[in-house]
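*Asks:* Starting from two chains that each stand alone, build the complex the way the hints lay out.
Chain by chain, the residues run as shown.
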Amino acid sequence: MSGTFVGMPGFPPAAHPAFPAAAHDAVHNPTLRANLRHATHTIRAKRARAVGELSDWAALREAGRRIKDHTLRHLDRYLVQLEESVTAAGGTVHWAADADEANRIVAGLVRATGESEVVKVKSMATQEIGLNEALAQEGIRAYETDLAELIVQLGEDRPSHILVPAIHRNRGEIRDIFRTEMGKWGRPAPEGLTDTPAELAEAARLHLREKFLRARVGVSGANFMVAETGTLVVVESEGNGRMCLTLPETLISVVGIEKVVPTWRDLEVFLQTLPRSSTAERMNPYTSMWTGTTDGDGPRTFHLVLLDNGRTDTLADEVGRQALRCIRCSACLNVCPVYERAGGHAYGSVYPGPIGAILSPQLRGTGSEIDASLPYASSLCGACYEVCPVAIDIPEVLVHLRERVVEGGPAVRQGNKVVLRPAKGHAAERAAMRAARWAFTHPGALGAGQRLASRTRRLHPRTLPGPGRAWSGTRDLPAVPPEPFRDWWRRTHGGKDGAA
Amino acid sequence: MSSRERILGRVRRALADVTPDERPYEEAVPREYLREHGDRTAGQTVELLAENLADYRAIVHRCTAEEVPDLVMRLLARRGSQEVLVPPGLPPQWLAAADPVRIHDRAAHTAARLDRVDSVVTGCAVAIAETGTIVLDGSPEQGRRRISLIPDHHICVVRVPDQVVSSVPQALERLDPARPSTWISGPSATSDIELDRVEGVHGPRTLEVILLG
Ligand code: SF4
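Residue numbers (the UniProt record's numbering), protein chains in the order written: chain D, 1 to 500; chain C, 1 to 213.
The shape of chain C in the complex, shown without the other chains (with noise of 0.2 Å):
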């Protein structure tokens, strides 16, 4: 006998308490929480998001469509980005004032060749206001989950109110399961030690969130 057979057979085994008119699942689960909390407009929503994008150390900006190529460009130079990493469908007037060499998103680079870039910018699939999240799901705006991850500095634009939700249910309605994605609420973080929470130990360390709208 296969171990799948094996434990599926433990299983069935083990539950024979249970009846084959047990409810089934949509009446099993009652879903009485909220959908989202709190009543707010689309502008208090992004107030909101802004808020705990900042209380998890994000560092937040606003700005209009005609201000990002500049904001951008200042962000970069300010840390000094010699190089920066551009996911294929990134709108190429966000970095139209930039000055730092573009490196492509290729599956020809190498990790190691992707720990030499300093900065990213990438868009998102959305936001969530409640928990002050963003989410990437490897769009052409995104770019595959590692260009992301291995860079020190992460430049992320969410486009508001358009890309923000206010609560965890609404942002899974509007993500595709088959994509993969990577949530991320503020920069990567460790409470290891005495539970003294240290920012930045393995993703960026600096997560620079731009609101554009």
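Isolated chain D, as found in the complex (with noise of 0.2 Å):
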């Protein structure tokens, strides 16, 4: 039963080697792995500060965790109230059981407004459900405008960071892409395209330009729905997403059923947290919100599509659901030793770094190579944890899906109870070993982890529920002899694998 289940076309996790095959290519290509490391580092500790400059941290993330507690344990109640208030605004609410669903649905709506072409803002759950593929089958195209997606849909290439997705290419690849590309999909880029930024930027704004001020139709996600009003957020920095909200006479947004809260007044957590988290700033440079239709300002029809997809099956876990608190901003990729060395590309799905490792098993399953080896990849430093705002539990989810793939046990998939079988003997479970593997035999990524560790863990005491969840004993990874690692490294290693 889980062992076929795969909820997201687009990437299908079946034809995806598992974590540490995929992030072999990564850890060997110096480059990228030089992007990754300047990247992460450099945004890191712009957020330490962003952060560091209000006093009140602790609270704000505490209410954002509550707040999102709060919603989810009623999520039926506010998803209601969101329909009508939506309905109530001028807007038309869709629901969509799973991605296939919500891509005809959104087909449907593009082709009944009689255009072949969208645009479109950066969005997380369009991604999931390969929204862009479905709709090239149906002779729609879908035009990316974020810059850094535009730079991966021309170099048809796959995201690999949630807020800068073309993190691994660098500015003398992008140029070549530009170059070689834009023509095909519009205006071509300009003659004699040197490789600086602001030139490169130049380049997107002019090819872009002329396919917004055409645009008869939107699509996007949302970072936040507020049930009590029926107001959308979509928070940017480019200004892409406020031409694809606003010039349009057609908005379609598809959003996750986890993206509701309930009031206007909440925004005022998330407006603080999400920005100083995400990139680092006071405040991103663009958010728009919209309620339903505004007469004369603005796209004349908005459809809501609200997108299941896996996420009541997570929902049902009652230590993995807190996932589901996620904002996306990204601070767990940028602080965990692991990505930094294996990259976006090596989780297989949309949602890469820790939150993609406790995400995609639980909205995919852990059926597949890949899925069954998420959440493997991870050193269960905590790093992650510390820096969520919304205090996500990143490494007590990851040691509770290790159960679940060695062990089996009750689950829900599709709306359905289902009892998984435990893996042993099965390719999932080779993958997974590899993947414990793969973090062992790179101490920096474990040793890095293990420092941060032993210096956080100590100040968030905490209560697992069972006693296999006591934190002691989830640091012992399963068939992992059980001797102290650095022991064990060099017994096995004698120390010569210097690759870090």
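Bear in mind the hints are in silico, worked out from the structure with no lab data behind them. Predicted, not measured: the structure shown is a model, and the values here were computed from it. Beta carbons: idealized from backbone N, C-alpha and C, even for Gly. Hints may contain errors.
Some residues of chain D that are not near chain C, with every Cβ distance over 10 Å (derived) [to be verified]:
hint	residue
1	T87
2	T92
3	A97
4	L109
5	R111
6	D176
7	R187
8	E238
9	V269
10	T279
11	G298
12	R421
Computed footprint of chain C on chain D; a stretch qualifies when at least three of its residues, placed anywhere within it, have a C-beta under 8 Å from a C-beta of chain C [claimed, not checked]:
hint	stretch
13	197 to 207
14	285 to 297
*Replies:* Here it is as structure tokens:
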């Protein structure tokens, strides 16, 4: 049952190698590693400064956690309220149980307008469901308008970071992509384009402007939806979001059901924590909020597609459901020693890094090699939990999911209760073991993690449910010798493998 | 069964552990965070706004009501603007001395037409000192959202100290959720290329803020 469950088209996990194999390329690609290291370290330091400016950060973080938890625990009520508010404000609400249904709904809505192209704001949810590919099959072209997404789309590439999806590309590569590909999609890159970021941004501005000005249909996601008022919020930097949300006649927003918050006032928490956690700014350049439709201003037609696609299955897991609090700030990626070395593509999903390691296996199930290996793509150092603005205990969920992979047990898949078989002898377990070994044979990843862990975990005492989840116990990875890691490593590698 | 019923049914089954006597929203969410950060006089709050606006590369000017027409005229002239977009409720005296041709914010104007306009002058709904943010909400002094988006040069007039609040929570209190709002913190920017910040991608690449008071 779960062995064949593939909830996300786009990047079928069945075709994706397990984490350690996928990470192999990145670890041995010095350019990629240098890009990633530079990027994550830069933003990490900036974030710490931006967060340090707020003396009440801990209280904001706690409020954010509680708002999200409360909402999730009464999600049915808030979704119904949201539907009423959006409808009352002139919008139309659609419900999509899975990716296929969401794609069908959007394609149908676009076709009904008579248009064959749409402009898109960067959105994790539409990437998750493979919307662009689905629209292409219907003869509808979706233009990505976020600069990084444009780089990814033109390069026929995959995003590798939530916030900076083209983080794996350097400026020279970007210039080459613009020069060769832009012309195929519309206005070509200017003659003599160099690789300075300002010129590259200007080339993107010119290329996309003609698309914005003629666009009749916009597609977006949303960072937040307010149940009380029916307001949607999109947080961005470049202004492409404003273009897509304001200029077209029809706006279609595809949003995961976990993005709802109860009240307008709740935004005061997240509009403080999200920008500082994600781009390390006091505030991102542009935030758009809209409630249904407004006469004479912006789209005349607004559709909201509420997406499940594995979220209710995740909600059914009392330990794992906290992953649904995620506001996609990407702070956990930037502090993760494993992400820094493995790169975003190794995670085999649009959600890379620590959050991807707990979200993908829950949204999609642990049946495939990649999803079974993801809970092991971590050294359990706890740095992700430290920085998370909604206090998701990622290590706790990782350990919980490891148990699930190894021991099996009850779970919910596509709304049905199932009993997962233990993965013993299964391809999934072998993948998991390789991932565990991978983390252990990259002592840089583990060592950095352990130092952080010992510094911080003491400050955050917790009681985990069940004796098997006691913190000390969880650090023993299955089938790894019960001796101290460093001894084990010295014994098995004799210190020969220095490539962390 | 409709997908709506299916999803709501799944949610309810997933939440079997949630009992009806759970704490209500008001008690479940502690709000021990601050309403604003630091203790400032109104004047200091305006100073902080100016500082944070400038930190995010907005160009900040200060003047009195009498000086606005002259200042706006000079800013538009320096830019070489031929045409300027005007929201319906913009105080006429703000543009009294300005040379460019006024283009009024009309529904009939296509986006392509607005793309040929050099500058736009608007008021604002509220400005947030702690974050260096101005918020537009489509009121008559600001016009519809697209007029402050398409031109490459945006001049925004903030009445200080009346329109200035310290913090995000205070700003939300002043805004009407039914109105579409745009929160602007500096000119459009991207860090997508090697995390190098570049000002100006799709929104106005030059943002000038006049603190009037
Ligand atoms: S898990 Fe937390 S830190 Fe990671 S992206 Fe989500 S909100 Fe941000």
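*Asks:* Next step is simple, just say for each hint if it's right about the structure.
*Replies:* Evaluation of the provided hints:
no. : hint       : in the structure
1   : T87        : holds (12 Å)
2   : T92        : holds (12 Å)
3   : A97        : violated (5 Å)
4   : L109       : holds (15 Å)
5   : R111       : holds (19 Å)
6   : D176       : holds (13 Å)
7   : R187       : holds (14 Å)
8   : E238       : violated (4 Å)
9   : V269       : violated (7 Å)
10  : T279       : violated (7 Å)
11  : G298       : violated (6 Å)
12  : R421       : holds (22 Å)
13  : 197 to 207 : holds (count 6)
14  : 285 to 297 : holds (count 10)
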